[in-house]
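*Asks:* Sequence:
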Amino acid sequence: ARLRKEDNRKKRALEVYEAFCNILLAEKELEKETQKLDIQKEKFEFAKALYAAGKLSADALAEAEYRVFSKSADLESVREKIRSLETRLKLLLDMDLDDELPELKGEIKVVLLREVDMEKVLETSLQFDTSVYEAAGRYNAANLTMQFTEELFRAGQATYDTNKSNLEKALRDYESALKNREVEIRNSYNELLNIRDSLALADRYVDLCMKKLDSAKVKYEKGMIDKEAYLSAKETYIDALFSRERTRCEYMIKKENFLSLIRQSGITG
9 ARLRKEDNRK KRALEVYEAF CNILLAEKEL EKETQKLDIQ KEKFEFAKAL YAAGKLSADA
69 LAEAEYRVFS KSADLESVRE KIRSLETRLK LLLDMDLDDE LPELKGEIKV VLLREVDMEK
129 VLETSLQFDT SVYEAAGRYN AANLTMQFTE ELFRAGQATY DTNKSNLEKA LRDYESALKN
189 REVEIRNSYN ELLNIRDSLA LADRYVDLCM KKLDSAKVKY EKGMIDKEAY LSAKETYIDA
249 LFSRERTRCE YMIKKENFLS LIRQSGITG
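Be aware that the sequence shown starts at 9, since it is given in our numbering, and climbs by one per residue.
Quick caveat, the hints were computed from the structure, so don't treat them as lab data.
Each hint should be verified, as a subset may be incorrect.
Quick list of simulated restraints, FRET-style, between CB atoms [claimed, not checked]:
#	residue 1	residue 2	range
1	E115	N151	47 to 55 Å
2	L99	N151	37 to 45 Å
3	K13	K220	48 to 56 Å
4	L207	Y74	31 to 39 Å
5	E53	N16	51 to 59 Å
6	Q155	L207	49 to 57 Å
7	L69	S92	32 to 40 Å
8	G231	R20	58 to 66 Å
Capping the alpha-carbon separation at 35 Å, the derived lysine-lysine pairs in DSBU-like fashion look like this [stated by the list, open to error]:
#	residue 1	residue 2
9	K235	K51
10	K98	K79
11	K18	K117
12	K235	K44
13	K219	K113
From the three backbone atoms N, C-alpha and C, an ideal C-beta is built for every residue, glycine too.
Starting from the given sequences, assemble the full structure and let the hints guide the process.
*Replies:* Encoded structure:
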């Protein structure tokens with residue numbers, strides 16, 4: 009019962025952390041969509057000027073106007089997402105839904121997990137898993153029962169054969185619980201390593217988009233490209249920044265999940 013209670017506590021803490029991170033990420037998404045709406049409005053104004061000069065068709069102008077309306081709808085969709093995430097956080101914190109959450113502000117800062125000795129982690133973590141602990145208890149009980157059975161009965165007798173079968177099943181269940189927990193821990197760590205690689209790629213992509221934006225700005229100021237091309241480069245850079253934030257959020261959530269699996273190993277992050 010104590011282990012189950014601790015499992016529930018850790019699960020709730022993880023859910024609260026994930027909800028908090030997702031709210032911060034959604035706030036970043038709101039900033040992104042607001043900036044992109046401003047860009048679409050600028051593009052629409054540029055399109056109107058081209059249309060007035062006879063350099064743009066009515067259909068192209070209508071498409072530019074539609075993109076403004078579409079982006080406005082995207083913005084409202086993000087606001088609704090934030091409201092939904094805030095409701096979930098209130099439920100997790102056992103708050104009244106009519107109450108206001110404290111202002112949630114902050115940055116998603118990545119603290120990379122140091123290298124892990126997986127064999128040591130498994131050695132010290134598996135025994136604390138609730139499923140493993142319960143399976144071990146059933147196996148020990150079945151083993152003790154079998155010891156008494158062997159003193160009183162012989163193979164071929166119903167009681168002996170039944171208890172022998174129960175012991176074999178309890179052993180299989182225990183070994184299965186150990187294996188399942190090991191796979192869960194290894195998979196969680198491997199996911200973390202993969203996302204860490206994605207973090208590096210996201211950083212490089214942001215740098216690349218920033219260089220392209222700087223180049224587009226120079227070209228625009230020199231009249232080598234039009235305003236729409238410059239704004240498109242700006243939009244790509246904004247998307248790259250948000251994509252990096254999303255990867256950072258995913259990493260930190262996965263990291264907390266992994267640490268919760270191995271908390272008894274002494275590794276803290």
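*Asks:* Each of the hints needs a verdict: does it hold here or not?
*Replies:* Hints, verified against the model:
1. For E115 paired with N151, a C-beta distance near 53 Å keeps the hint of 47 to 55 Å intact.
2. Distance hint check for L99 and N151: the Cβ-Cβ separation is about 44 Å, which falls inside the suggested range of 37 to 45 Å.
3. Separation of K13 from K220 is about 54 Å and conforms to the stated range, judged on CB atoms against 48 to 56 Å.
4. At roughly 36 Å, the beta carbons of L207 and Y74 sit within the given window of 31 to 39 Å.
5. The supplied range of 51 to 59 Å is met by E53 and N16, whose beta-carbon atoms lie about 55 Å from each other.
6. Taking 49 to 57 Å as the suggested C-beta distance range, the pair Q155 and L207 conforms, at roughly 54 Å.
7. Between L69 and S92 the beta carbon distance is about 36 Å. The supplied range of 32 to 40 Å therefore holds.
8. In this structure, G231 and R20 meet the distance hint of 58 to 66 Å, their C-beta atoms being roughly 59 Å apart.
9. For the proposed pair K235 and K51, the alpha carbon gap of about 8 Å is at most 35 Å, so the pair holds.
10. Between K98 and K79 the alpha-carbon distance is near 29 Å, which keeps this suggested pair within the 35 Å criterion.
11. The suggested pairing of K18 with K117 holds, with an alpha-carbon distance near 22 Å, which does not exceed 35 Å.
12. Restraint check: the Cα-Cα separation between K235 and K44 comes to about 15 Å, which is no more than 35 Å; the hinted pair holds.
13. Distance restraint check for K219 and K113: the Cα-Cα separation of roughly 29 Å lies within the 35 Å cut-off, and the hinted pair is therefore satisfied.
When held up to the earlier numbered hints, the structure conflicts with none and fits them all.
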